[in-house]
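Chains as they are written, first to last, in numbering that gives the first Met the number 0: chain A, 0 to 252; chain G, 0 to 246.
I should point out that these hints are in silico values taken from the structure, not numbers from a laboratory.
Some hints here could point you the wrong way.
Quick list of in silico lysine to any residue cross-link-like pairs, SDA-like style, CA-CA up to 25 Å [to be verified]:
id, chain 1, residue 1, chain 2, residue 2
1, A, 52, G, 120
2, G, 19, A, 10
3, G, 36, A, 155
4, G, 219, A, 90
5, A, 52, G, 32
6, G, 36, A, 85
7, G, 15, A, 19
8, A, 109, G, 28
9, G, 8, A, 155
10, G, 8, G, 97
11, A, 109, G, 219
12, A, 109, G, 8
13, A, 52, G, 125
14, G, 36, A, 52
15, G, 15, A, 70
16, G, 32, A, 114
17, G, 32, A, 92
18, G, 36, A, 90
19, G, 19, A, 155
A quick note: this is a predicted structure, and the numbers were derived from the prediction, not measured.
This is what each chain is made of:
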Amino acid sequence: MIEVKNVNKTFDDGYQVLKNISTVFETGKTNMIIGQSGSGKSVLVKSIIGLHKIDSGRIEYDGRNLAEMRMSDIRLLRREVGMLFQGSALFDSLTVLENVMYPLEMFSDKTPAEMQDRARFCLQHVNLEEKSFGLMPSEISGGMQKRVAIARAIALQPKYLFCDEPNSGLDPKTSLVIDHLIHEITQKFDITTIINSHDMNSVMEIGDNIIFIEKGVKSWQGSKEDIFHVDSQSLNDLVFASELFKQVRRANQ
Amino acid sequence: MNIISDTGKYFLLMRKVFVKPDRTRMFFRQFPKELEKLGLASLPIVIIISVFIGAIMTMQTQLNTSNPWLPDYITGLVTRDTLLLEFSSTIMCLILAGKVGSNVASEIGTMRITEQIDAMEIMGVNSANYLILPKVTAFMVMMPFLVIFSIAIGLVGGYLVGVFTNIITTGNYLIGIQYAFVPYYVLYSIIKSVCFAFIITSVAAYYGYNARGGALDVGKASTNAVVNSSIIILFFNIVITNLMLTK
Chain A
0 MIEVKNVNKT FDDGYQVLKN ISTVFETGKT NMIIGQSGSG KSVLVKSIIG
50 LHKIDSGRIE YDGRNLAEMR MSDIRLLRRE VGMLFQGSAL FDSLTVLENV
100 MYPLEMFSDK TPAEMQDRAR FCLQHVNLEE KSFGLMPSEI SGGMQKRVAI
150 ARAIALQPKY LFCDEPNSGL DPKTSLVIDH LIHEITQKFD ITTIINSHDM
200 NSVMEIGDNI IFIEKGVKSW QGSKEDIFHV DSQSLNDLVF ASELFKQVRR
250 ANQ
Chain G
0 MNIISDTGKY FLLMRKVFVK PDRTRMFFRQ FPKELEKLGL ASLPIVIIIS
50 VFIGAIMTMQ TQLNTSNPWL PDYITGLVTR DTLLLEFSST IMCLILAGKV
100 GSNVASEIGT MRITEQIDAM EIMGVNSANY LILPKVTAFM VMMPFLVIFS
150 IAIGLVGGYL VGVFTNIITT GNYLIGIQYA FVPYYVLYSI IKSVCFAFII
200 TSVAAYYGYN ARGGALDVGK ASTNAVVNSS IIILFFNIVI TNLMLTK
């Protein structure tokens, strides 16, 4: 569980991007942070990971306060964290298999054979075929890159998984596959997953706990079932602007 | 103010670079790759430039020192000492600052803008150490070999002038390159080149590591790396020469 308490963040130019945000990201659930572009959701995720230093407040990983940790402790904590980046962020110079083996080689005490087995297991878990293991990231599709990135993120059996726009640049079908993969992994391995997204289709598919950020303020939190009954124009705009709802509307008309 | 700020950031980065690697095994896996990529891959350009510069230096020196008061072997001596003292250790490093420096800056810069460095940091990897240390150490190890190779090839270039033209005789040239040889100059040349190898890779890595934005910014980082490392090399050339050659 990750707990965020009264977090404030101001940029160097004086713009306050996060305003007194408090929330809880529960274990075994896909926690989704939604909001329009520039609302502060990426800054919130980066602050939780520790890539941004917050002005005030607390960020606790199962009771461990990030602000009180030394850099060496943060490095240790990060070994419990998996991250799926918007652009996959696979290492260009390594093959698919080597990419997944990388965190194992850096931090596990497994033998090379055991590391290979673990990497293969992770890749098979995200439905990648053996023949793609030796390919370079540039030789595989965007959807496959995302899967490799998920496999790399779960290689060290993380307790926390962060996903930054996991469906960006993917077609709707592949997006759905990636969404379900993240959801399945979250439940199967009992991970605290935080997804930063503005894809409402994903939110409605896999969002267990949804946090809506508006101009740096947490303006709503709830489940996907509750989202239709919210008295917030901005959230309604976001929800009904999504392609899925447009299709539903068209079908109803 | 930018110079002060950049210098501070550079030393902070170096503090992250020069620590014990998270996994020594991974360092020793990267190290030979960098030896090959930064050192061996630079050999063709070193050979081509050295042979031609050696040849042209011999021709120019011979043509401009045709004087009965000067001994015939002077051309070989001047060619040797110029290659040894300045060309192979400094000018060659400036050329390699272009090749290796832009390579390092663009590679690390691309990793930065495609979030590969962020991915490492989030895994808990000391990305600066993992990416930069093998490059800096590998190039520092390879540089003396490249310099000695450059000197040798440059001398061969000068000899070829004697073989293929009648500007100078090979006999006079060979006497010249052996006359009044100071072995200390080789040490001076090697020490200088090792320092320059450090400057080239670390400055380029600094600009690449701090690149932000897109492809255009990686290009700018690469250009800044080459320009600034060249200026720093020229500055340290004076400092080292003053320390090692003046009495």
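Exercise. Against the structure shown, which of the earlier numbered hints fail to hold, in ascending order?
Worked result: 2, 3, 5, 6, 7, 9, 11, 12 and 14
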